[in-house]
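Novice: Residue strings, one per chain:
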Amino acid sequence: MDYFLTEEQQMIVDTAREIAREKIIPVRAELDERNEFPTSILKDMAKADLFGVFVPEEFGGLGGGCFEIVLVLEELARGCVGVATSFAANALGIFPVMIAGSQEQKEHYLPDIASGRRWAAFGLTEASAGSDASGVRTTAVLDGDEWVLNGTKQWITNGGEAQIYSIVAMTDPSKGPRGASIFIVEDGDPGFSYGKKEDKMGIRASATRELIMKDCRIPKDRLVGRKGTGFITVMKTLDISRPGIASLGVGLGQAALDEAVVYAKQRVQFGKPIISFQAVQHMLADMAIQLEAARALVYATARHIDGNAKEVSKVSSMCKVFASDMAMKVTTDAVQVLGGYGYMREYPVEKMMRDAKILQIYEGTNQIQRNVIGQELNKEYAA
Amino acid sequence: MDIIVCIKQVPDTKDVRLDPETNTLAREGVESIMNPFDRHALEEAVRIKEELGGTVIALSMGPPQAEAVLREAISCGADEGVLVSDRAFAGADTWATSYTLARAVVTLGNFDLILCGKQAIDGDTAQVGPGMASQLKLPYVTCVQKLRTMDETGLVVERMMDDGYDVVRLPLPALLTVVKDINEPRVPSLKGKMRAKKAEIRILHAADIGAEEQCIGLAGSPTKVVSVFTPKPRGNRTVFSGTPAEQVEQLFAQLRDIL
Numbered sequence: 001m002d003y004f005l006t007e008e009q010q011m012i013v014d015t016a017r018e019i020a021r022e023k024i025i026p027v028r029a030e031l032d033e034r035n036e037f038p039t040s041i042l043k044d045m046a047k048a049d050l051f052g053v054f055v056p057e058e059f060g061g062l063g064g065g066c067f068e069i070v071l072v073l074e075e076l077a078r079g080c081v082g083v084a085t086s087f088a089a090n091a092l093g094i095f096p097v098m099i100a101g102s103q104e105q106k107e108h109y110l111p112d113i114a115s116g117r118r119w120a121a122f123g124l125t126e127a128s129a130g131s132d133a134s135g136v137r138t139t140a141v142l143d144g145d146e147w148v149l150n151g152t153k154q155w156i157t158n159g160g161e162a163q164i165y166s167i168v169a170m171t172d173p174s175k176g177p178r179g180a181s182i183f184i185v186e187d188g189d190p191g192f193s194y195g196k197k198e199d200k201m202g203i204r205a206s207a208t209r210e211l212i213m214k215d216c217r218i219p220k221d222r223l224v225g226r227k228g229t230g231f232i233t234v235m236k237t238l239d240i241s242r243p244g245i246a247s248l249g250v251g252l253g254q255a256a257l258d259e260a261v262v263y264a265k266q267r268v269q270f271g272k273p274i275i276s277f278q279a280v281q282h283m284l285a286d287m288a289i290q291l292e293a294a295r296a297l298v299y300a301t302a303r304h305i306d307g308n309a310k311e312v313s314k315v316s317s318m319c320k321v322f323a324s325d326m327a328m329k330v331t332t333d334a335v336q337v338l339g340g341y342g343y344m345r346e347y348p349v350e351k352m353m354r355d356a357k358i359l360q361i362y363e364g365t366n367q368i369q370r371n372v373i374g375q376e377l378n379k380e381y382a383a
Numbered sequence: 001m002d003i004i005v006c007i008k009q010v011p012d013t014k015d016v017r018l019d020p021e022t023n024t025l026a027r028e029g030v031e032s033i034m035n036p037f038d039r040h041a042l043e044e045a046v047r048i049k050e051e052l053g054g055t056v057i058a059l060s061m062g063p064p065q066a067e068a069v070l071r072e073a074i075s076c077g078a079d080e081g082v083l084v085s086d087r088a089f090a091g092a093d094t095w096a097t098s099y100t101l102a103r104a105v106v107t108l109g110n111f112d113l114i115l116c117g118k119q120a121i122d123g124d125t126a127q128v129g130p131g132m133a134s135q136l137k138l139p140y141v142t143c144v145q146k147l148r149t150m151d152e153t154g155l156v157v158e159r160m161m162d163d164g165y166d167v168v169r170l171p172l173p174a175l176l177t178v179v180k181d182i183n184e185p186r187v188p189s190l191k192g193k194m195r196a197k198k199a200e201i202r203i204l205h206a207a208d209i210g211a212e213e214q215c216i217g218l219a220g221s222p223t224k225v226v227s228v229f230t231p232k233p234r235g236n237r238t239v240f241s242g243t244p245a246e247q248v249e250q251l252f253a254q255l256r257d258i259l
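Residue numbers (my numbering), protein chains in the order written: chain Y, 1 to 383; chain E, 1 to 259.
Don't read these hints as lab results, they were simulated from the structure.
Remember, predicted model here, so these are calculated numbers, not experimental data.
Take the hints with a grain of salt, since some may be wrong.
DSSO-like mimics (lysine-lysine), calculated; alpha carbons at most 27 Å apart, straight line [said to hold, decoys possible]:
1. Lys49(E) with Lys43(Y)
2. Lys180(E) with Lys43(Y)
3. Lys146(E) with Lys43(Y)
4. Lys310(Y) with Lys379(Y)
5. Lys43(Y) with Lys106(Y)
6. Lys106(Y) with Lys191(E)
7. Lys43(Y) with Lys191(E)
8. Lys175(Y) with Lys43(Y)
9. Lys175(Y) with Lys329(Y)
10. Lys180(E) with Lys191(E)
11. Lys220(Y) with Lys236(Y)
12. Lys265(Y) with Lys180(E)
13. Lys43(Y) with Lys224(E)
14. Lys43(Y) with Lys197(Y)
15. Lys137(E) with Lys180(E)
Here are the simulated distance ranges between beta carbons [as the list claims (entries may be wrong)]:
16. Arg370(Y) with Gln65(E): 52 to 58 Å
17. Gln65(E) with Pro56(Y): 34 to 40 Å
18. Asp2(Y) with Thr107(E): 42 to 48 Å
19. Arg148(E) with Gln266(Y): 43 to 49 Å
20. Val228(E) with Ala296(Y): 50 to 56 Å
21. Gln9(Y) with Arg148(E): 41 to 47 Å
22. Thr55(E) with Asp187(Y): 34 to 40 Å
23. Val106(E) with Glu57(Y): 36 to 42 Å
24. Thr55(E) with Gly63(Y): 25 to 31 Å
25. Gln103(Y) with Met194(E): 25 to 31 Å
Each residue gets a CB set at the ideal place from its N, CA and C atoms; glycine is no exception.
Using the sequences and the hints given, assemble the complete structure.
Specialist: Structure (structure tokens):
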């Protein structure tokens, strides 16, 4: 379908597609099997200027918005959601600085992000703070000219690989969510270390680690935004990042559909290609319908956000839920279409099915997204 | 370090076939691409520029539509694209092409290094690089698989051989032709693509490069194509299977039969 991309947006799509085709697809099975972080692919993306897509031009980027990120992530996810997740987590990690950071912080960090010289990560989740973000136990106390952070972050994407971390910590635990603030912690800061790398079901090319802060001392000017505004920034960050996760679902769904159709055309049973059987055709048709509907919703949401719309939480959650549920269904059906071959590691669809599951879980479970949508509906109809 | 990279636009060999009637390449509807070896030459030039500074000029000889590969070269990091194009160049063989490109290099002026792909995938001659070096009286090495060191005084390269490699030291300016093993080319960058879109491709005609009429095009080409034909298949092939010992036994049995 024609989504009326500008020439520049089409260029972004072509570039990301070429990265997926040339650099990701040839090695994705190996990265998955070895649980290996795709450092060299991220460097290729940096050379192709993809990291600069969402960074304002004044800081060396291309000045794109949510829609441009969505376009990049969709194409990368057609190659591998694990690799694409590393890209998405980098954007997520730097959004707080873009949203609430000072001019000095932006000048200091954004050019490195745009050039891909340094990567970012986002540290919110803790053992006791998942869906309930207010359960954050990490604390930050001002001591002279330094903040002292203590606590452990869990399941942090790009943990140990990124150099810049946006960390959510309580500056006033008695105030609950209003007592949270965001800090930039850098790789190598005293008292900052990493836990073990997690062994995951899918997206195994992405790195997931604990971040451990033990009397971690950072300069006073690493506070992002005003003290106590951390949760507001977190919510704004997630509002603009969720369409990115949705687009991972769209790219993954497209990859799974591509594999399923190609296979159905060549697999012969009862003397005919299985695509000639209505049972298979209908499965493929349903996959295609859901996929295109998800893409349309994700693109529309991203454009809505880029249009500086005031209310974005509901649609942002809607596209995340819809596209990730679609990806789970479409990849599962792709495995079904490929039958026994689909279940084998030799074919790419079993990895796609494993990769799909995380999309329903991370950056807010689909249950939490439905809560958001429900609460927004409740508000809308109150007036 | 100022580098000139020679780039040829070629038909994508994935799609190429011979017209059985005329025995010429059927080019209709075949996509044109940058010669794959030249892509590696360009990547090496851009890497040298990134490390040592300087400029990279992409140089091509061909019809006006060859401009597309020069824009692509700019999107991959070249600073400038120069197209040598003139009806008078039509029918040039590798020698006339070498002469023409050499004249263009002289016209462009200062340079430290010329990089070419090992060969073009349409003609497969591997002659134009060495031909240019001869015309320009430059030292050259073909089939370079690695650039070991490079400074203002010269370079040390590895030349790929069938059974290993030679290490060659040569002074600058020089010409190298490269093989695919030398690097892995990058994907064109977004900023590069935007720059390429706006870039002005300089066109050099025969008169601009001071080319002598009898040295260019068909007139300057000593190669004469007498006939082109599709060779007949050379008979049956046999593939032996089993352990090496069994295969040898089968081979000897067959040879005994023949003799």
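Novice: It remains to establish, for every hint, whether it holds in the given structure.
Specialist: Each hint, compared with the structure:
no. : hint                                 : in the structure
1   : Lys49(E) with Lys43(Y)               : holds (18 Å)
2   : Lys180(E) with Lys43(Y)              : holds (20 Å)
3   : Lys146(E) with Lys43(Y)              : holds (21 Å)
4   : Lys310(Y) with Lys379(Y)             : holds (14 Å)
5   : Lys43(Y) with Lys106(Y)              : holds (22 Å)
6   : Lys106(Y) with Lys191(E)             : holds (21 Å)
7   : Lys43(Y) with Lys191(E)              : holds (16 Å)
8   : Lys175(Y) with Lys43(Y)              : violated (42 Å)
9   : Lys175(Y) with Lys329(Y)             : violated (42 Å)
10  : Lys180(E) with Lys191(E)             : holds (25 Å)
11  : Lys220(Y) with Lys236(Y)             : holds (23 Å)
12  : Lys265(Y) with Lys180(E)             : violated (35 Å)
13  : Lys43(Y) with Lys224(E)              : violated (49 Å)
14  : Lys43(Y) with Lys197(Y)              : holds (21 Å)
15  : Lys137(E) with Lys180(E)             : holds (26 Å)
16  : Arg370(Y) with Gln65(E): 52 to 58 Å  : holds (55 Å)
17  : Gln65(E) with Pro56(Y): 34 to 40 Å   : holds (37 Å)
18  : Asp2(Y) with Thr107(E): 42 to 48 Å   : holds (46 Å)
19  : Arg148(E) with Gln266(Y): 43 to 49 Å : holds (47 Å)
20  : Val228(E) with Ala296(Y): 50 to 56 Å : holds (53 Å)
21  : Gln9(Y) with Arg148(E): 41 to 47 Å   : holds (43 Å)
22  : Thr55(E) with Asp187(Y): 34 to 40 Å  : holds (36 Å)
23  : Val106(E) with Glu57(Y): 36 to 42 Å  : holds (41 Å)
24  : Thr55(E) with Gly63(Y): 25 to 31 Å   : holds (28 Å)
25  : Gln103(Y) with Met194(E): 25 to 31 Å : holds (26 Å)
Going down the numbered hints, you'll see the structure goes against 8, 9, 12 and 13, while the others check out.
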